[in-house]
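Peer 1: Sequence:
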Amino acid sequence: MRRKCWTLGAKSWNLGHIGNKKTLPSMITRKCCLLTLSVLAAPAARGLVSVSTPALVGKHKCLRIPCQGSPNGYPPVVLLGGTAQTINSWVSHFPGLSQEREVLVVELRGQGAGNDLLPPFDVGLQAQVLDLEEFFQETGLGEAHGAPVDLVGFSFGGRVAMAFAAARPESVHSCVVTSVAGARGGYGRLVLQNWVALLEGQGEKGGETASSQRSSQALENFAWSSILSSYHPEFLAKNEKRVPLWVRMVAETNTREGLHAIVAQTHGGDPTQELAEPCAAAGVRGKLIYGEQDLLCDIPGVPDFARAAGFELCGFEGCAHAVPMEEATKWRREVLAFLNK
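23 is the number of the first residue of the sequence shown in the numbering used here; add one for each residue after it.
It is worth saying that the hints were derived from the structure and are not from the lab.
We treat Cβ as the ideally placed atom computed from N, Cα and C, and that holds for glycine.
One or more hints might be untrue.
[What the hints assert, rightly or not] Within a straight-line C-alpha distance of at most 20 Å, the following computed EDC-like cross-link-like pairs (lysine to aspartate or glutamate) qualify:
{"hint": "1", "residue 1": "Lys81", "residue 2": "Asp153"}
{"hint": "2", "residue 1": "Lys263", "residue 2": "Glu242"}
{"hint": "3", "residue 1": "Lys352", "residue 2": "Glu122"}
{"hint": "4", "residue 1": "Lys363", "residue 2": "Glu314"}
{"hint": "5", "residue 1": "Lys81", "residue 2": "Asp138"}
{"hint": "6", "residue 1": "Lys260", "residue 2": "Glu279"}
{"hint": "7", "residue 1": "Lys263", "residue 2": "Glu192"}
{"hint": "8", "residue 1": "Lys352", "residue 2": "Glu314"}
{"hint": "9", "residue 1": "Lys260", "residue 2": "Glu339"}
{"hint": "10", "residue 1": "Lys81", "residue 2": "Glu122"}
{"hint": "11", "residue 1": "Lys363", "residue 2": "Glu274"}
{"hint": "12", "residue 1": "Lys363", "residue 2": "Glu334"}
{"hint": "13", "residue 1": "Lys363", "residue 2": "Glu122"}
{"hint": "14", "residue 1": "Lys81", "residue 2": "Glu339"}
{"hint": "15", "residue 1": "Lys363", "residue 2": "Glu192"}
{"hint": "16", "residue 1": "Lys263", "residue 2": "Glu274"}
{"hint": "17", "residue 1": "Lys352", "residue 2": "Glu334"}
{"hint": "18", "residue 1": "Lys352", "residue 2": "Glu279"}
[To be verified] Taking CB as the label site, the calculated pair distances span:
{"hint": "19", "residue 1": "Pro141", "residue 2": "Glu274", "range": "37 to 43 Å"}
{"hint": "20", "residue 1": "Ser234", "residue 2": "Leu335", "range": "16 to 22 Å"}
{"hint": "21", "residue 1": "Glu262", "residue 2": "Asp144", "range": "47 to 53 Å"}
{"hint": "22", "residue 1": "Glu334", "residue 2": "Glu156", "range": "27 to 33 Å"}
Please work from the sequences and hints to get the whole structure.
Peer 2: Here it is as structure tokens:
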């Protein structure tokens with residue numbers, strides 16, 4: 023069974039003027055406009071981006087952006103976002119990433135507003151690897167089609183990227199991951215326990231309406247916690263008035279069941295043994311980017327994790343966990359410099 027890719031439904035729009043909703047296609051709902059403007063606060067890059075017509079990609083929601091400039095024979099970039107991110111979280115990166123290559127943005131199992139074709143019962147890394155293998159078959163990419171891709175993953179998406187690259191190295195040309203570490207540290211582990219508790223189900227007491235209200239509140243509580251834990255305090259202070267909007271957008275574009283499954287099933291274990299060492303054994307060409315003030319990772323152990331994977335390493339001073347959003351332009355340049363070598 024196949025389903026069309028999610029799309030913004032327009033031929034092109036100017037991201038440099040995205041603050042004026044009149045420049046966006048009329049078919050985009052107010053919610054999508056706000057999400058494009060606000061979620062994770064990636065500053066809008068200037069440039070004109072053409073959006074492809076919907077594609078058929080099996081079970082995954084995806085946006086496929088053709089190369090906007092002169093193709094240089096680079097592999098397509100496949101973006102895999104963090105736990106609560108959706109396709110719209112990456113809009114501001116489209117112009118910069120698509121100048122010399124095709125870009126695909128994928129919502130993984132458990133992410134987004136719900137996908138009946140990808141129920142969040144098992145969202146573990148091995149299930150995600152199998153999902154991506156099917157996705158690449160549908161898109162004509164990967165080893166089977168002689169078209170390896172460049173995987174770019176952030177946080178949860180970075181863990182999925184490493185797991186896939188280790189399991190299917192012939193399908194991956196290069197792999198860049200951000201904010202993935204070998205250990206959490208005490209504070210990071212406490213934050214994850216908090217997220218699981220906030221997203222726990224409360225049963226059906228009170229009927230469907232009451233249950234829906236509890237889920238909405240749980241999502242908002244999680245959003246507050248995840249945003250405050252993922253960004254540098256100075257970045258949050260500069261964007262203080264926007265944070266409540268980001269919270270609302272995270273809550274409105276995800277499901278409690280999906281996020282709970284991701285947090286509970288994919289953020290434990292031993293990443294060095296499960297991700298880094300398999301990548302090294304498979305000969306994956308990779309790079310790890312991290313924020314030097316990331317409270318969710320054990321920063322002193324990051325170099326050892328990168329070394330175990332055989333990955334290059336780059337630290338961003340003054341950044342916390344959400345490096346691609348806090349330093350969007352610098353992050354994008356670092357990613358492309360490695361991919362284009």
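Peer 1: Run every hint past the structure and note whether it holds.
Peer 2: Here is what the structure says about each hint:
no.: 1; hint: Lys81 x Asp153; verdict: holds (8 Å)
no.: 2; hint: Lys263 x Glu242; verdict: holds (16 Å)
no.: 3; hint: Lys352 x Glu122; verdict: holds (17 Å)
no.: 4; hint: Lys363 x Glu314; verdict: violated (25 Å)
no.: 5; hint: Lys81 x Asp138; verdict: holds (9 Å)
no.: 6; hint: Lys260 x Glu279; verdict: violated (32 Å)
no.: 7; hint: Lys263 x Glu192; verdict: violated (46 Å)
no.: 8; hint: Lys352 x Glu314; verdict: holds (15 Å)
no.: 9; hint: Lys260 x Glu339; verdict: holds (17 Å)
no.: 10; hint: Lys81 x Glu122; verdict: violated (28 Å)
no.: 11; hint: Lys363 x Glu274; verdict: violated (39 Å)
no.: 12; hint: Lys363 x Glu334; verdict: holds (13 Å)
no.: 13; hint: Lys363 x Glu122; verdict: holds (13 Å)
no.: 14; hint: Lys81 x Glu339; verdict: violated (39 Å)
no.: 15; hint: Lys363 x Glu192; verdict: holds (18 Å)
no.: 16; hint: Lys263 x Glu274; verdict: holds (18 Å)
no.: 17; hint: Lys352 x Glu334; verdict: holds (17 Å)
no.: 18; hint: Lys352 x Glu279; verdict: violated (34 Å)
no.: 19; hint: Pro141 x Glu274: 37 to 43 Å; verdict: violated (20 Å)
no.: 20; hint: Ser234 x Leu335: 16 to 22 Å; verdict: violated (44 Å)
no.: 21; hint: Glu262 x Asp144: 47 to 53 Å; verdict: violated (39 Å)
no.: 22; hint: Glu334 x Glu156: 27 to 33 Å; verdict: holds (30 Å)
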